[in-house]
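Trainee: Chain A is already provided as a structure; the job is to place chain B on it using the hints.
There are 2 protein chains.
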Amino acid sequence: MIRVNFKSHNKEVICSKGENLLEIARNNKIFIDAPCNGNVSCGKCKVKLLKGKVDTEKTLHIKDEEWEQGYILACNTKVIEDIEIEVPSKLSSSMHGMKIEGSDKKKDQEIFDRAKKIIEDNNFDFKTNIEKTYIELDKPTIDDNICDIDRIERYVRNNLGYDEIDYTVELLRKVPEVIRESDFNVTITYVKKKNKITILNIEPGNNENQLYGVAIDIGTTSVVVCLVDLYSKEIVDKASSGNAQIKYGADVIHRIIYSTKKNGLKHLRDAVIDETINPLLESIYIKNNIDKDNVVSLVIAGNTTMSSLFLGVHTDYLRQEPFIPPFLKSPKLIGKDIGLNVNDSAYIFLAPSVASYVGGDITAGVLSAGIWTSEENILFIDLGTNGEIVFGNKDYMMSCACSAGPAFEGGGISCGMRASNGAIEKVSIDKETLYPKLSIIGDDKPIGICGSGIIDLICQMLLSGVVDRRGKINKDLNNDRIRFNEHEIGEYVLAFKEEYGIENDITVTEVDIDNFIRAKGAIYSGAATLIESLGMDFSAIDKVYIAGGIGNNLNIENSILIGLLPDIEREKFAYIGNSSLVGSYLALVSKDAKMKLQDIGNEMTYVELSVYPTYMDEFISACFLPHTNIEQFPTVKELLGDKVKI
Amino acid sequence: MIRVNFKSHNKEVICSKGENLLEIARNNKIFIDAPCNGNVSCGKCKVKLLKGKVDTEKTLHIKDEEWEQGYILACNTKVIEDIEIEVPSKLSSSMHGMKIEGSDKKKDQEIFDRAKKIIEDNNFDFKTNIEKTYIELDKPTIDDNICDIDRIERYVRNNLGYDEIDYTVELLRKVPEVIRESDFNVTITYVKKKNKITILNIEPGNNENQLYGVAIDIGTTSVVVCLVDLYSKEIVDKASSGNAQIKYGADVIHRIIYSTKKNGLKHLRDAVIDETINPLLESIYIKNNIDKDNVVSLVIAGNTTMSSLFLGVHTDYLRQEPFIPPFLKSPKLIGKDIGLNVNDSAYIFLAPSVASYVGGDITAGVLSAGIWTSEENILFIDLGTNGEIVFGNKDYMMSCACSAGPAFEGGGISCGMRASNGAIEKVSIDKETLYPKLSIIGDDKPIGICGSGIIDLICQMLLSGVVDRRGKINKDLNNDRIRFNEHEIGEYVLAFKEEYGIENDITVTEVDIDNFIRAKGAIYSGAATLIESLGMDFSAIDKVYIAGGIGNNLNIENSILIGLLPDIEREKFAYIGNSSLVGSYLALVSKDAKMKLQDIGNEMTYVELSVYPTYMDEFISACFLPHTNIEQFPTVKELLGDKVKI
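Protein sequence lines correspond, in order, to chains A and B. Numbering of the first sequence is given in the numbering used here, commencing with residue 1329 and proceeding in unit increments. Numbering of the second sequence is given in the numbering used here, commencing with residue 1329 and proceeding in unit increments.
A hint or two may mislead.
[What the hints assert, rightly or not] Below, simulated DSS-like cross-link-like pairs (lysine-lysine); rule was C-alpha separation at most 25 Å, straight line:
#1 K1657(A) to K1590(B)
#2 K1522(A) to K1660(B)
#3 K1521(A) to K1657(B)
#4 K1455(B) to K1520(A)
#5 K1522(A) to K1520(B)
#6 K1435(A) to K1900(A)
[Unchecked claim] Here are the computed distance ranges between Cβ atoms for each label pair:
#7 D1945(A) to N1617(B): 26 to 34 Å
#8 D1494(A) to D1723(B): 58 to 66 Å
#9 E1351(A) to D1472(B): 37 to 45 Å
#10 E1492(B) to P1650(A): 21 to 29 Å
No lab work stands behind these hints: they were computed from the structure. Please read all numbers here as calculations on a predicted model, not as lab measurements. We put the beta carbon where it would ideally sit given N, CA and C, even for glycine.
Here chain A stands alone, though its shape is the one from the complex:
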């Protein structure tokens, strides 16, 4: 029996000799970022040994100076005696951690306005099929002694005009007490379906004005929960945080692998439900004084893996050829089936998936982007963890997925982070001094860099000659912001710790740049292949919609300059943010939109890039700044001048 004292968390835990330190942390709900899920390949799970000895090894990820200070990789460490550990604060909370972020009225209004426009343009009913009615039941007497539930049914039949009521055992359990608490005057919440209603909730007295729904976007990296007033359709509040599954791997592949381990599926499900969504809901309920039993409808969008893990369904065949998902359409689900912190009888709808790697986040995104109703050809790119691309118009929609990894959300980048407070979201570099000018979300001290910041940074490094078109740092520059480690790997310092009074320098390394180039190359080549498969090229595009949690200030120009986006007319581009959330919101507030979402799932075609003959060549060509074939990027060619040489 060994004691591990996590000093940073004031938490001492008991474990056995020989246990893995990362596992010990996980088992005790201490968050240590581990994007590679403990394969000793990412180096993110670095912790500091304060006291005692462990069985570990120095790896490439640990600098000599860090090794001397006691830094070790948790995934690569076995405990052999009582120890004290410090988990660096950036790992445990800010980077990918569970900090809950609240609502932004302006953005909420934008979601509402965008949804309203879709609804109005398509003559959708701005209505759900859920209602709430205050009813005054006859009080029972010895002569009118029908049972409680029949008394409600009689009222519904005589006064509301439905023939039948349906209800769960959970609802039944509430009935006797609730109707007597308020002298047989109650408010019922119900879903209408032809001549029948299903009662979802019963409350004492008149509480007709409390009726809520929730739209949820389950991203691989981030989760957003959006509470909606089902009467006014207004967004009451929003909360987001990292997806607690991150501790089991940064991308879907690592999570799928983890899901096959003992209890892996359960851990992953618990992580997203109990450790992510339920706390987010709870925070909103407390802040807005909401009774969870009044939350009776949910629309949830996530990629195919997220949807499966959310339901606790086996996902291993998603990653094995021929890549078969367990399900695409939402099964019938209510709150208690999943253990969500909402009414037990609440209706839960999952946005449909199209294929193993084009999921409900994309169908929801497409719903809100309006491709299905557009005369023009729209290219839709979702820059999440992985990238998904849809191309089409009202007559057809083709989709594909690229293994872009989590780089656009800050994953796989040593100082990367989600687009939340403390993230560097814009960068410009002075060409003379190489001094970086930073914009930081929340105007706070910088903690790391988010996707939009990385795009700016790499573009600026390219234009200022800090990196060449292969992404290698120029060794001839004599500048204190440029340095090389003992393995000759270069890095650029975005923020010295002394400049901002922070714990460590914020730097971007050649490894980071390489990771990012592969991510942007995957997107570009995916889009090119998809359009090519239709016998077209980029000139056929009328509009490009960029979605995803990359940050609020995606610089289109810079994205083109690095070769993430095609070099076409700038006015065709629009950044549409979290389109998956907008789509979920749409399906939540309009039953017509929900039906359309189901249709989109049925109608979209999927192209499997991995078996598409030209894709690999396209990808390799795109793994340059901006591209091997500079002729595809005339704007960049002109700007780079001499620097165009590789």
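Mentor: Here is chain B on its own, set in the frame of chain A:
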């Protein structure tokens, strides 16, 4: 912190000073019988203090001799220091305990034959709507990459001819693994409903021949579980035990009161499900090597209180005027809703109740007794804990309930027990010697006396002059089997401990007799009032069916002699045993019978005796042996001769 060592159970538990001994036992799953639920009124929770001191008081239930030996009432005892306790073995298991009893092939065949007769006489389909089919799915390829669940649906549409499939999330969770385990050849179990099927189970390979259902009779005192092969309709096995709720009170009123206490509802639900039904199911599964996932349909019959507690629904208004039940008809239920040890998606159907005290056990009983299809007038009497009476024929059915208490199942009788091994089920008394001749179930040593035995005993005591028509023991008889305690309460010794080598004498006291007379008086007066309410009398009866767990050898003659049953032609009477179980079985194996059961619930009329003006007078008149008005019992009048005087 105090230690209580239950020596009889080899179990030491920790509790706080001042805690109630009965509560301590309950909290630690040590069974102590407490029919009055700890009100110091029944005296059943007698335990022996072996060591240490307690805070208790001597009550009427403890004889001087017992008090000296250390006997105390657990319900009346607070712990104040470490103690050692012995729970008498008859209390902890045999009497009302959880001894599981198995099947009896002869009785099983009787159930089958009786059900078959009803099915054939009424042209019912001897079929359920559940089927099982082995299917060979196409194996997925990169060109045929539809998701797993759509692959099943495609097969069902193309090969089985249904348009749509439905399933729970639990079923979905099994699909990916199961279909691959057997190379895409699987067996599906499903319920048909028009053009749609709901899949209940999926298994690898061909397992078409395993398909089971369960019929359950939840009595207040006893629970019987009956596993049925849904193909052959044969009873595979049966198991029964006491209802573990007994520790919270012997009758429904005490249980309802307990349900209103903190966690009371949960404790009662756990007792019947986790401590009674699930262990019975488990015992059957192990014995017969059954996979619980192949148990996909259940029909459950219980009185209104049992049905409510089974679902965890509040029952307090059942016992308060105007006696309103929460529900009568079965809500839609599947296995996981209740936590039953069956397939999570299994269909569960509760036999409908008619009113607060005429429940699903009666509608199921009526189904199997065939009153609804009879030209003749049938009087149906269920002698369970409480007595329910139905009178009618195919044109009308009237029902009522009498507060008979648990006497017919051995409750409220000092040496009473369920009709299980060790129960005295028949008694005759030699008129000269007053020596009792006993028939014991299982030909074992006697443990106590069951309902049929008590009827015989009281009848024989009356005929032999041991008791008079008020049920008082004759003080003038000089016989060692008759004795009186310090309070002048008489008792008759059925079995001396020395005779049988048992722990204590088995006796019946004047208090027991009084309890039983009130029980039989309630039944007789209930039947009389019900028939009178239709403007008829007992002469209108064509048949009398007696149901209930009173024992296998109900002596009709003796039952008439003591005034439990009306003094009419003997050939009109039939004892039909556990009709509730037969009805559940019927509804399980025939969907037509299930529909008929639902109809019976809708069509039966309920008469509330407690507000019926003449009932109380009828009851008081019936609290004699056989009745105040001996003219109603001409046979008895003749037999008693001189003893007829009160």
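Trainee: Each hint needs a verdict: does it hold in this structure or not?
Mentor: Here is how each hint holds up against the structure:
1. Taking the CA atoms of K1657(A) and K1590(B), the gap is near 43 Å; set against the 25 Å cutoff, the hint is violated.
2. About 19 Å separates the Cα atoms of K1522(A) and K1660(B), which keeps this hinted pair within 25 Å; it holds.
3. Among the hinted pairs, K1521(A) with K1657(B) is consistent with the structure: their alpha-carbon atoms are about 21 Å apart, no more than 25 Å.
4. Proximity of K1455(B) to K1520(A) is assessed by CA-CA distance (about 34 Å); at most 25 Å being required, the pair is judged violated.
5. Distance check on the hinted pair: K1522(A) and K1520(B) sit about 22 Å apart at the alpha-carbon level, within 25 Å; holds.
6. At roughly 22 Å between alpha-carbon atoms, K1435(A) and K1900(A) fall within 25 Å of each other, so this suggested pair holds.
7. At roughly 59 Å, the beta-carbon separation of D1945(A) and N1617(B) lies outside the given 26 to 34 Å, and the hint is violated.
8. For the pair D1494(A) and D1723(B), the supplied restraint of 58 to 66 Å is violated, since their beta-carbon distance comes to about 32 Å.
9. Remark: the range hint 37 to 45 Å for E1351(A) to D1472(B) is upheld by a beta-carbon distance near 40 Å.
10. At roughly 25 Å, the beta-carbon separation of E1492(B) and P1650(A) lies within the given 21 to 29 Å, and the hint holds.
Hint violations for this structure: numbers 1, 4, 7 and 8, all remaining hints satisfied.
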